[in-house]
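A.B. asks: For this one, chain H is given, so just place chains B, F and A on it according to the hints.
Protein chains: 4
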Amino acid sequence: MKPLNPSFAEEVARSFAQQTIMALIGAELSLVEPGIVEISLPYRSDLAQQYGYLHAGIVTTIADSACGYAAYSLMPPGSEVLSVEFKVNLLRPATGEQFLARAEVIKTGKTLTVARADVFGISNAAERKQIAVMQATIICLQKDSQE
Amino acid sequence: MKPLNPSFAEEVARSFAQQTIMALIGAELSLVEPGIVEISLPYRSDLAQQYGYLHAGIVTTIADSACGYAAYSLMPPGSEVLSVEFKVNLLRPATGEQFLARAEVIKTGKTLTVARADVFGISNAAERKQIAVMQATIICLQKDSQE
Amino acid sequence: MKPLNPSFAEEVARSFAQQTIMALIGAELSLVEPGIVEISLPYRSDLAQQYGYLHAGIVTTIADSACGYAAYSLMPPGSEVLSVEFKVNLLRPATGEQFLARAEVIKTGKTLTVARADVFGISNAAERKQIAVMQATIICLQKDSQE
Amino acid sequence: MKPLNPSFAEEVARSFAQQTIMALIGAELSLVEPGIVEISLPYRSDLAQQYGYLHAGIVTTIADSACGYAAYSLMPPGSEVLSVEFKVNLLRPATGEQFLARAEVIKTGKTLTVARADVFGISNAAERKQIAVMQATIICLQKDSQE
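Residue numbers (our numbering), protein chains in the order written: chain H, 1 to 147; chain B, 1 to 147; chain F, 1 to 147; chain A, 1 to 147.
Just so you know, these hints were derived from the structure itself, not from any lab.
One should not assume that every hint holds.
[As the list claims (entries may be wrong)] Pairwise CB distance ranges, derived in the manner of DEER restraints:
{"no.": "1", "chain 1": "F", "residue 1": "Lys143", "chain 2": "A", "residue 2": "Gly78", "range": "53 to 61 Å"}
{"no.": "2", "chain 1": "A", "residue 1": "Gly78", "chain 2": "F", "residue 2": "Ser30", "range": "38 to 46 Å"}
{"no.": "3", "chain 1": "B", "residue 1": "Ala23", "chain 2": "F", "residue 2": "Thr20", "range": "50 to 58 Å"}
{"no.": "4", "chain 1": "F", "residue 1": "Glu10", "chain 2": "H", "residue 2": "Pro42", "range": "57 to 65 Å"}
[Said to hold, decoys possible] The calculated EDC-like cross-link candidates involving lysine to aspartate or glutamate, where the alpha carbons are at most 20 Å apart (straight line), are:
{"no.": "5", "chain 1": "H", "residue 1": "Lys129", "chain 2": "A", "residue 2": "Glu104"}
{"no.": "6", "chain 1": "H", "residue 1": "Lys107", "chain 2": "H", "residue 2": "Glu127"}
{"no.": "7", "chain 1": "A", "residue 1": "Lys107", "chain 2": "H", "residue 2": "Glu80"}
[Unchecked claim] Output of the computed footprint for chain B on chain F, the stretches with three or more beta carbons under 8 Å from beta carbons of chain B:
{"no.": "8", "region": "59 to 70"}
{"no.": "9", "region": "131 to 143"}
Don't be surprised by glycine CBs; every beta carbon is placed ideally from N, CA and C.
Bound conformation, chain H alone (with noise of 0.2 Å):
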């Protein structure tokens, strides 16, 4: 997919670091290329629901912004990105010592983009589980007139 904005990646990483909850949670960018995302989060114990695991609006944390800035890696210049909705199916417990959301876009619109999440827990370094994935719709809106 070829960006409509040339310094995309410079957009996507400006706006990462606005968004605060992932420095409460310790994630970070990892990839940023054409209608593609990754956020890296390592494990840590606050993070966690009732039995240790991941908890799974923190699995949707990471995997929501990797959709929204997919989408947003291909938006014109100027655009405003927002998340219209999504879905999680949870896989498997969200156990790992790192986690991994990768973003990819299904399908661009000049309003609606639909993008999909998949989000795998990462142990001994390399092994890979698939724990969750997302579909989701994201909105683009021009700076200046919000739905």
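C.D. replies: For chains B, F and A alone, kept in the frame of chain H given last:
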């Protein structure tokens, strides 16, 4: 709806206290009734997305726990509860001084429960706007018999 | 909710009559109010899945049209309406002599509307059980400006 | 993925033949492999929504059955299969002379299976455009032990 576990409220509170993510973000359990759970979250600037709104993943975090515990409140003693999947529509930018996720069980089953959560942003101590709606599926596992 | 189109009820009825699938399956528009639409469907043995229950896709067909028309009833004159996405939970086997999908708008917007539909199976003329719930996003297009 | 039921293909075909809705709309089972099922549907003018596109509910009907049978193909003998929930994004107006729903299992479990379906509209015998994507949860019931 009638609880099968007479100490459901204590069980929910005990489990909620084990969700370390709730302490990190500052969320509190504010209501537990059979099939109904509310979770409150004061806005903090370190929970935000790029425009300063509460991040959709944090909206989801409190909605998911509210749905899970609404389901758990109706499960028999000795149950474990996990989210199977959820879908969230973000209805408005998540602004407010305070957020409230209110979940209600729609349908219970031996294995699967379906719940819905409405999430509100509250400003000026009283004005309440709905910012999101979740529809979720929760599974009941008997201890020692994991899926 | 207040309709922007004074002839919304006629518009909904006219559009519904153009949905040829409704005639094929025997569905009828049974209620049109601002933001609320109901569609009825008598059970027929040629609408079934492998155990004789109403097929989930047909449950979805009436729920989707009900959501779409509930949204359409609140749109300005000259609008076109399309489904963006929906999520359906099947709560019980879809049994009944008659089915009813009742949709209500949760949130309107200039571009996007969010609606919910409850689908009921009705037996013995009166006993009503909820068999499904849909959460849907609908887009409003101005004629001659397709996405 | 390895099938647990050596006669999975016959079982899927036998169950599909019992879905009376498939005959009504003219859908056919076109591929059955372990964890993968395709269903084909020629366009007919009596399957349409108000603008003549294939109705989203019929798109869902073939996607849901494709997901269900993809899941069923991996279940042990004596299983019964029901849809728990699904979410569909409509990516483009559903136009084409022919439609194809292709489902693949993402994750199997003793009780729950997660599958995805892509639905394509096919024109001029070959040109294929993706019109929808489904993410679905399917439950495996042992005969005589209904939820």
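A.B. asks: Quick check on a hinted range of 50 to 58 Å for B:Ala23 and F:Thr20, using CB atoms only.
C.D. replies: For F:Thr20 against B:Ala23, whose Cβ atoms are near 56 Å apart, the range 50 to 58 Å holds.
A.B. asks: With a cut-off of 8 Å between beta carbons, are at least three residues of the region 59 to 70 of chain F near chain B?
C.D. replies: violated (count 0)
A.B. asks: For A:Gly78 and F:Ser30, compare the CB-CB distance with the range 38 to 46 Å and indicate the outcome.
C.D. replies: 41 Å, holds
A.B. asks: So the hint says 57 to 65 Å: do the beta-carbon atoms of F:Glu10 and H:Pro42 match that?
C.D. replies: 59 Å, holds
A.B. asks: Do the alpha carbons of A:Lys107 and H:Glu80 lie within 20 Å of each other, as the hint requires?
C.D. replies: 35 Å, violated
A.B. asks: For a C-alpha distance cap of 20 Å, please report whether H:Lys129 and A:Glu104 respect it.
C.D. replies: Holds, at about 18 Å.
A.B. asks: Given that the region 131 to 143 of chain F was listed as covered by chain B, double-check it with a C-beta distance under 8 Å for 3 or more residues.
C.D. replies: Holds, because 3 residues of the region 131 to 143 of chain F bring their Cβ atoms closer than 8 Å to Cβ atoms of chain B.
A.B. asks: Check the hint pairing H:Lys107 with H:Glu127 against an upper bound of 20 Å on the C-alpha distance.
C.D. replies: Outside the cut-off at roughly 30 Å; violated.
A.B. asks: Honestly, do F:Lys143 and A:Gly78 meet the 53 to 61 Å range at C-beta?
C.D. replies: Once the Cβ atoms are compared, 54 Å apart, the range 53 to 61 Å for A:Gly78 and F:Lys143 holds.
The structure fails hints 6, 7, 8 (numbered hints given earlier, in ascending order).
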